[in-house]
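Chemist: Could you put together the complete structure from these sequences and hints?
Now for the letters of each chain:
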Amino acid sequence: MPSRPIFRLSELVARLGGELRGADVAVGQVGTLERAGPEQIAFLANPKYRRQLSDCRAGAVILSAAAVADWSGPAIVTSDPYLYFARVSALLNPVVRPAPGIDPSAVVAASAEVAADAYIGPLVSVGEGARIGPRVMLQPGCRIGAEVEIGADSVIHPNAVIYPDCRIGARVIIHAGAVIGADGFGLAWNGAAWEKIPQIGRVVIEDDVEIGASTTIDRGALDDTVIRQGAKLDNQIQIGHNVVVGRHTAMAGCVGVAGSTKIGDYCTFGGSAMIIGHIEIVDRVNVMAGTLVGKSIKQAGTYTGWYPMQPHRDWLANASHLRHLDTLAGRVRQLERKMATGEAPVADEGDSTP
Amino acid sequence: MPSRPIFRLSELVARLGGELRGADVAVGQVGTLERAGPEQIAFLANPKYRRQLSDCRAGAVILSAAAVADWSGPAIVTSDPYLYFARVSALLNPVVRPAPGIDPSAVVAASAEVAADAYIGPLVSVGEGARIGPRVMLQPGCRIGAEVEIGADSVIHPNAVIYPDCRIGARVIIHAGAVIGADGFGLAWNGAAWEKIPQIGRVVIEDDVEIGASTTIDRGALDDTVIRQGAKLDNQIQIGHNVVVGRHTAMAGCVGVAGSTKIGDYCTFGGSAMIIGHIEIVDRVNVMAGTLVGKSIKQAGTYTGWYPMQPHRDWLANASHLRHLDTLAGRVRQLERKMATGEAPVADEGDSTP
Amino acid sequence: MPSRPIFRLSELVARLGGELRGADVAVGQVGTLERAGPEQIAFLANPKYRRQLSDCRAGAVILSAAAVADWSGPAIVTSDPYLYFARVSALLNPVVRPAPGIDPSAVVAASAEVAADAYIGPLVSVGEGARIGPRVMLQPGCRIGAEVEIGADSVIHPNAVIYPDCRIGARVIIHAGAVIGADGFGLAWNGAAWEKIPQIGRVVIEDDVEIGASTTIDRGALDDTVIRQGAKLDNQIQIGHNVVVGRHTAMAGCVGVAGSTKIGDYCTFGGSAMIIGHIEIVDRVNVMAGTLVGKSIKQAGTYTGWYPMQPHRDWLANASHLRHLDTLAGRVRQLERKMATGEAPVADEGDSTP
Numbered sequence: 001m002p003s004r005p006i007f008r009l010s011e012l013v014a015r016l017g018g019e020l021r022g023a024d025v026a027v028g029q030v031g032t033l034e035r036a037g038p039e040q041i042a043f044l045a046n047p048k049y050r051r052q053l054s055d056c057r058a059g060a061v062i063l064s065a066a067a068v069a070d071w072s073g074p075a076i077v078t079s080d081p082y083l084y085f086a087r088v089s090a091l092l093n094p095v096v097r098p099a100p101g102i103d104p105s106a107v108v109a110a111s112a113e114v115a116a117d118a119y120i121g122p123l124v125s126v127g128e129g130a131r132i133g134p135r136v137m138l139q140p141g142c143r144i145g146a147e148v149e150i151g152a153d154s155v156i157h158p159n160a161v162i163y164p165d166c167r168i169g170a171r172v173i174i175h176a177g178a179v180i181g182a183d184g185f186g187l188a189w190n191g192a193a194w195e196k197i198p199q200i201g202r203v204v205i206e207d208d209v210e211i212g213a214s215t216t217i218d219r220g221a222l223d224d225t226v227i228r229q230g231a232k233l234d235n236q237i238q239i240g241h242n243v244v245v246g247r248h249t250a251m252a253g254c255v256g257v258a259g260s261t262k263i264g265d266y267c268t269f270g271g272s273a274m275i276i277g278h279i280e281i282v283d284r285v286n287v288m289a290g291t292l293v294g295k296s297i298k299q300a301g302t303y304t305g306w307y308p309m310q311p312h313r314d315w316l317a318n319a320s321h322l323r324h325l326d327t328l329a330g331r332v333r334q335l336e337r338k339m340a341t342g343e344a345p346v347a348d349e350g351d352s353t354p
Numbered sequence: 001m002p003s004r005p006i007f008r009l010s011e012l013v014a015r016l017g018g019e020l021r022g023a024d025v026a027v028g029q030v031g032t033l034e035r036a037g038p039e040q041i042a043f044l045a046n047p048k049y050r051r052q053l054s055d056c057r058a059g060a061v062i063l064s065a066a067a068v069a070d071w072s073g074p075a076i077v078t079s080d081p082y083l084y085f086a087r088v089s090a091l092l093n094p095v096v097r098p099a100p101g102i103d104p105s106a107v108v109a110a111s112a113e114v115a116a117d118a119y120i121g122p123l124v125s126v127g128e129g130a131r132i133g134p135r136v137m138l139q140p141g142c143r144i145g146a147e148v149e150i151g152a153d154s155v156i157h158p159n160a161v162i163y164p165d166c167r168i169g170a171r172v173i174i175h176a177g178a179v180i181g182a183d184g185f186g187l188a189w190n191g192a193a194w195e196k197i198p199q200i201g202r203v204v205i206e207d208d209v210e211i212g213a214s215t216t217i218d219r220g221a222l223d224d225t226v227i228r229q230g231a232k233l234d235n236q237i238q239i240g241h242n243v244v245v246g247r248h249t250a251m252a253g254c255v256g257v258a259g260s261t262k263i264g265d266y267c268t269f270g271g272s273a274m275i276i277g278h279i280e281i282v283d284r285v286n287v288m289a290g291t292l293v294g295k296s297i298k299q300a301g302t303y304t305g306w307y308p309m310q311p312h313r314d315w316l317a318n319a320s321h322l323r324h325l326d327t328l329a330g331r332v333r334q335l336e337r338k339m340a341t342g343e344a345p346v347a348d349e350g351d352s353t354p
Numbered sequence: 001m002p003s004r005p006i007f008r009l010s011e012l013v014a015r016l017g018g019e020l021r022g023a024d025v026a027v028g029q030v031g032t033l034e035r036a037g038p039e040q041i042a043f044l045a046n047p048k049y050r051r052q053l054s055d056c057r058a059g060a061v062i063l064s065a066a067a068v069a070d071w072s073g074p075a076i077v078t079s080d081p082y083l084y085f086a087r088v089s090a091l092l093n094p095v096v097r098p099a100p101g102i103d104p105s106a107v108v109a110a111s112a113e114v115a116a117d118a119y120i121g122p123l124v125s126v127g128e129g130a131r132i133g134p135r136v137m138l139q140p141g142c143r144i145g146a147e148v149e150i151g152a153d154s155v156i157h158p159n160a161v162i163y164p165d166c167r168i169g170a171r172v173i174i175h176a177g178a179v180i181g182a183d184g185f186g187l188a189w190n191g192a193a194w195e196k197i198p199q200i201g202r203v204v205i206e207d208d209v210e211i212g213a214s215t216t217i218d219r220g221a222l223d224d225t226v227i228r229q230g231a232k233l234d235n236q237i238q239i240g241h242n243v244v245v246g247r248h249t250a251m252a253g254c255v256g257v258a259g260s261t262k263i264g265d266y267c268t269f270g271g272s273a274m275i276i277g278h279i280e281i282v283d284r285v286n287v288m289a290g291t292l293v294g295k296s297i298k299q300a301g302t303y304t305g306w307y308p309m310q311p312h313r314d315w316l317a318n319a320s321h322l323r324h325l326d327t328l329a330g331r332v333r334q335l336e337r338k339m340a341t342g343e344a345p346v347a348d349e350g351d352s353t354p
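Residue numbers (my numbering), protein chains in the order written: chain Y, 1 to 354; chain H, 1 to 354; chain X, 1 to 354.
None of these hints come from the bench; they were simulated from the model.
Fair warning: there could be bad hints in the mix.
Identical chains share a label here; the pair holds if one copy fits it or two copies do between them.
List time: in silico BS3-like cross-link candidates among lysine-lysine, alpha-carbon distance up to 25 Å [claimed, not checked]:
(1) K295 to K196
(2) K295 to K262
(3) K262 to K298
(4) K48 to K262
(5) K196 to K298
Modeler: Shown next as structure tokens:
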């Protein structure tokens, strides 16, 4: 293992901004307020953890001006401690790059073009006509189909699969087991059986996208499926054919997006949200975890729809009424009408109980 | 890349039926009404896109008799334009077949039987006693366990895994990263820990089935898990042990089916539907996206159960009442009783507010 | 295929306890009451299948004292027939072990340490500094990252991926396509784009854990993600960074757990349950299938929250009221007030209909 870098606080401030308070100590790693030691730098992003500063043993802390009074040790003061921490961590934990070259166990088609400084790991396969850009890393066992193009500095993790003809931009990260470009779910019913519709579009992944482990993105039926610049997809996500995911949109794990749906820029989706097909979601929409989006969303904002959890017995008592909510609403309407018209109270009202 | 086929409209009609209107032009690819050019044939399946015909630049269009008046160019008139389009696309986009043979980097057990015209791609492994049928394609990195049998013309995409002893029919397509035959979730509690129950059944996949990327189908605990002829499973689906999926049943992405559930023929399941274990679903049932099937379905039809999405603030206001819906229903019942018996109105009713 | 073992009932009783009734027959395999033949031993765990005993052709049956009167053949009587069956099956179906050694097609880094009796299958890769313990089996195509440690008797199935630095205990089973240690979903927003936060924690999987096919467990952001001893995870589960899953906790397929959530011991989670991030769930909590856990659970018990399925038309009629449940509750409150105060009935009540 190569030794990791060490930075003095003054060096961090020189590169990243912020203001140094106290001694100009050196730090070699980031850590949490709870566990960081003297060689580490911690951060306070959420005021609710402020009391942890009193027991903190970190060599330095990144915090906001509002919290600086609670910490007597070395500090970097900045308006956004979380972002600052992210950048410090990136400096202290640079991506480890294997030596460039093609492992002898890899199988690279004769017509593939591989940049001289790319890394092709053990047991990788690269199909005919593929183009692997500068400094790309193909980790062990990943499968690059024919005519695939991968831009500079992208990383494909072990056993990920990219089907033929797909386009991957620069600085893209695709995690292990992800599958890019499998056939979309395109079927026509012939009266007796399903007939397969060839899926002749591609998947186009623009620059700076990250795709999580075991996420699947289907190729387009006719046109392309597109993941726009800067979008971030977590693990186990399913993106159907001809979906467009907008720029800088982020999706948490287990989200599903059905075919032909268009999602705007700067959206966020909580875990296991499900979006039906053939709808549009505008920019800056936040969909909370577990929500099924059953129609287009035309206005920015936060949307939710999930059933609140209860102790099982209470849920049984309450949920059964959902099957008759229309009847219940009708009974309330009827009561209101009777109150309003002065019909009630009378002793003989057989129609009010369903 | 081999050149793709080109067909005149008259040739398409000769093979597929339908009626030619206008010039007998040649087409080399399918496309959408919006983007198809002069060498492409588009289709109009959904009347709501009919106005797109006015700007369409396609060389020809597949449409129904009802729409033919809106299109002055070459056309094929048919009663089911979508199915016709599927068949035209299949003609224009035949599956690309690599040359038969075993790639030198593949590892094929000595006792495996591989048809002479099968294709075993780079870095594939095939276990002892496996039988690989005529014209089967095993794409790079897929894993075929011992004693597995794969029928004629099936395709196993990159890095898919088939555990030992499973049976795959003819013309089956299994997409990348799918896992067929892993152990079912069979555990017995011993009072202190879970003990594993050996999963000794197989997975049997009948002819003409398609399995999506990263879909997992567990082997049976004692008897087999069975996917019947013509069933189509999209990506990221989980099928538990001893499930039976009926003929020509189609499941969209992210569906889960728990163990021992039996699903009939000609059913459809929307995305991320969840079906609990040990139940039965009859033929011709449609389950909508996001629905949890918590008991057997004994009658054909369409079934739904998901919580409607709202702006977050509205959801908060509304959903909280679900925890007390039984109480609310009780209050309505009480109001009705009072109205009916003439108890009300009186000024002192402490029991009506929970 | 090696021949499977055969046991007389008396030998089973000598090893596993229970009481032999009737002839001391020999059995070679387990089976269901419905399908077992004379060489097989079946079991009756659930009294509701008791009537199947009358047609059962099994050589012997494992059952409880309460059911023994219904079966005239050879039997083993025990207080927990299901657990007994699990143990008999384990005896009759021992794990098949390939001969130890490293397949010539595997790529094992020079600095990796591999126990002499471990098995490294075809086309496996093992990174620098990895330590592979005694009797470990690495099935074809699995990827072991640098510095990974795998304890004795663990099995890693085909094409599973373990990222660098992770720790896998003893007797752990990881199924095909699982991904252990991919980056957590750690991002900081810089006002214009997401910046990646290095994920420098590990995944630590303790002894006796089983991980299902295509399940993904992300490495920690700063500290580790931990799966404690004896936990069992089914297929297609997503575990976010810094999650802790307690001892002997079992999760069914498609469950998602968002980052930093701590789950206690002896919990169970039904299929596709979703747990949000940064919460705590105490020991001995059962979460039913399809339930979204949106806040900490501080008391042991069973919790549920899913929308009951209905025929689609009924659901449409009922679910629409959910968007206005707060208004409905307000109307009931208003009715109650009017009844209580004697305002009603009057003819002019414009405010009672929203």
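Chemist: Now, for every hint given, state plainly whether the structure supports it.
Modeler: Hint by hint, here is what the structure shows:
Taking the shortest alpha-carbon separations for K295 and K196, neither the intra-copy value of 27 Å nor the inter-copy value of 32 Å comes in at or below 25 Å. In this assembly of identical chains, the alpha carbons of K295 and K262 lie at most 25 Å apart only when taken from the same copy (12 Å versus 31 Å across copies). With identical chains, the CA atoms of K262 and K298 are at most 25 Å apart within one copy only, with a shortest distance of 12 Å there and 37 Å across copies. In the homo-oligomer, the alpha carbons of K48 and K262 lie at most 25 Å apart only across protomers (18 Å), although the nearest pairing inside one protomer, at 38 Å, exceeds that limit.
Taking CA atoms no more than 25 Å apart as the test, K196 paired with K298 passes in neither setting, with 33 Å inside one copy and 30 Å between copies.
Violated hints, listed in ascending order, are 1, 5; each of the other numbered hints is respected by the structure.
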